[in-house]
Amino acid sequence: MGIKDHKAKIRMFSIIFIIGFALSSIYGAWMFLKNNVFNNPSSNREVIAEVNGNKIYKDEIEKEFQNMKNYADSILAQKKQQLSQMGVDTKDFQSLPDEVLKEYLLKTLVDRKILLSSSKELKVNVSNGDIEKQVADIQKQAGGKDKLIQYLMANGYNLTTFKEQLKNEMVITKVQEKIQSSLKISDEELKKTYERYKYENFADQTFEEAKPQIMEILNSENGTMLVSSYIYKAETKAKINFKSDEYKKIYENSKAVIAEKEGYKFTKANLNENIISTFFSSQQGYSQSLVDSIKKQLTENLNHLVDIMNKAKAVGIKASPEFSGLGELGDYSKKYYNYIVDTYQPAQEEMTEKFNANRNEYNIKNTIGGYVVGQDYQPSEKDFAELKSQAEGVMKTITKENFAAKAKELSKDPGSKDNGGSLGENTDITQFVPEFVEAVQKAKVGEIVGPVKTDFGYHIIYIQAKDSNDPNKATVSHILLTPSVSEDTKKGLVTRLTKLKEELNNKKVTWEQVDTQEKYNFEIKEHFRKLTKSEPIPGIGNDTALSDRLFEAKIGEIIEHNASFGMFLLVKTSEVQAKEVTLEEVKERIRLELAFEKAEKEIGNVQ
1 MGIKDHKAKI RMFSIIFIIG FALSSIYGAW MFLKNNVFNN PSSNREVIAE
51 VNGNKIYKDE IEKEFQNMKN YADSILAQKK QQLSQMGVDT KDFQSLPDEV
101 LKEYLLKTLV DRKILLSSSK ELKVNVSNGD IEKQVADIQK QAGGKDKLIQ
151 YLMANGYNLT TFKEQLKNEM VITKVQEKIQ SSLKISDEEL KKTYERYKYE
201 NFADQTFEEA KPQIMEILNS ENGTMLVSSY IYKAETKAKI NFKSDEYKKI
251 YENSKAVIAE KEGYKFTKAN LNENIISTFF SSQQGYSQSL VDSIKKQLTE
301 NLNHLVDIMN KAKAVGIKAS PEFSGLGELG DYSKKYYNYI VDTYQPAQEE
351 MTEKFNANRN EYNIKNTIGG YVVGQDYQPS EKDFAELKSQ AEGVMKTITK
401 ENFAAKAKEL SKDPGSKDNG GSLGENTDIT QFVPEFVEAV QKAKVGEIVG
451 PVKTDFGYHI IYIQAKDSND PNKATVSHIL LTPSVSEDTK KGLVTRLTKL
501 KEELNNKKVT WEQVDTQEKY NFEIKEHFRK LTKSEPIPGI GNDTALSDRL
551 FEAKIGEIIE HNASFGMFLL VKTSEVQAKE VTLEEVKERI RLELAFEKAE
601 KEIGNVQ
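Mapped onto the working numbering, the consecutive letters of the sequence shown carry residue numbers 1 to 607.
Source of the hints: derived by calculation from the structure; they are not laboratory data. This structure is a prediction, so every number in the text was calculated from the model and none was measured. Check the hints yourself; a few may be wrong.
List time: in silico BS3-like cross-link candidates among lysine-lysine, alpha-carbon distance up to 27 Å [what the hints assert, rightly or not]: (1) 140 / 388; (2) 412 / 192; (3) 382 / 365; (4) 192 / 55; (5) 412 / 318; (6) 295 / 601; (7) 396 / 178; (8) 473 / 417; (9) 133 / 178; (10) 490 / 473; (11) 491 / 525; (12) 261 / 318; (13) 388 / 335; (14) 388 / 69; (15) 255 / 239; (16) 295 / 233; (17) 473 / 63; (18) 255 / 243; (19) 554 / 525; (20) 382 / 473.
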């Protein structure tokens, strides 16, 4: 089992408590702009609670509740329509209850306020430079500073208060990052992880080469559990003062215990998170049977995790002090799994049986290592200039009456060409590239504008209608003209690669330098270590003739490959000949495979 598969298995408890906070974090970031910025921040807003001095406003949760409720209702309608067409009875399908949504949203807000109030303790700050950079990015998305300010003012905001709210959101993100970095992973643990998974995931890498990837995976595994653990501990010390009895009761309901064992518990908040996650990610609607099923799962999983913890303790395993609550159970589970993998010694007969059953899999295959450098042919500025001249000529012939016909004749956009260039009615134009969006926003209804240059080519755009209630929606059609790659442009790439080949042959530059240094700015720079003859060549794809040439070449021999779509240089730097192996040569690999099977079985059957 690979390390990523292991990660998924160990997260058997994730759906119960980890995914909930991850969902809350993502959702919280999205609702920040919608509620905290683009809603009117009147000084008369009603405060329903304070978390360590940070206010939660009534309209903040109520408006978001309505947004989420509307979204849940629309998702349910889509499910019913799809399933009804398949003959599935959906009459008992319900949308998410108000109680579930309100408890979920309030818990989310409290968690985020706890993180915000932790910035001083964790010495987290956001500089003015960080804020200005973020504002610049948002301004670009909005179509410029003037448009952003105009939109803010229309909603009762200004740039100063916008920056203040933006700063809070950035602080929360940095607090989470600081918490996630609190667990230091030793070189010893990195090395152990490498040894466990080197045959599956890192067969062509040394420990030092694999180390950054292992660090990233382990940090990802621990990160959300660390944040959840931090909030679990911080909540017990937080000063949460409710000024509304209604919302105080909602919050207390979210803390009601659903399942408990040896001091560990799942609450209504965990139940809500699972209900919402299941509702949005599956074809199910809300129902009492869904609630009962998740409650049962919570109880079974809690018992299961506590039993795993006790087995782990019995062999001397200790959880890291950074984890608490459910995060602590998760840490025990992961460590006990690794303990089984590291210590299991299968019988000789079992290893022999597995070896004989999979002998071909263990045999060493004929592989080569090497490099590929080059790129597909890309149009040059000169090619774009010629296209612009062509587009300007086409523009002179376009009218509203012949636009659809011209689009069918000339457009290179396969998604809209057959529809006369139509991109749909009342389409969200923000999904298109910025240059296209800006052109549509500046144009008046009925105008044909262009040619507009983007990375795709030149567009001629017909603005047929705009949504008076949403500046980001319009009915538009377009004609896309794409550049051809001229022979001069192709010759330019050939010249660059021919010169590089000479430098490589004359030892003026090494393949490793070409692969790692930015000054060799080729689109494709691939380093492969164990390529079999049947595998696609990195950056090029399946090419039997080229693969044969590469395998037959001498070590260090440079091969030129001129394809219809580009030019490339290839070299073979190493080769491993095919060989039949003995059991002794692959004994540790087989032991690990059987150890993973044992760990899966034992973790799944802890009583």
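Structure-based check of each hint:
no.	hint	in the structure
1	140 / 388	holds (25 Å)
2	412 / 192	violated (53 Å)
3	382 / 365	violated (48 Å)
4	192 / 55	violated (46 Å)
5	412 / 318	violated (62 Å)
6	295 / 601	holds (24 Å)
7	396 / 178	violated (58 Å)
8	473 / 417	holds (21 Å)
9	133 / 178	holds (21 Å)
10	490 / 473	violated (40 Å)
11	491 / 525	holds (20 Å)
12	261 / 318	holds (19 Å)
13	388 / 335	violated (62 Å)
14	388 / 69	violated (48 Å)
15	255 / 239	holds (16 Å)
16	295 / 233	holds (24 Å)
17	473 / 63	holds (22 Å)
18	255 / 243	holds (18 Å)
19	554 / 525	holds (21 Å)
20	382 / 473	violated (34 Å)
Hint compliance for this structure: hints 2, 3, 4, 5, 7, 10, 13, 14, 20 are not met, and every other hint is.
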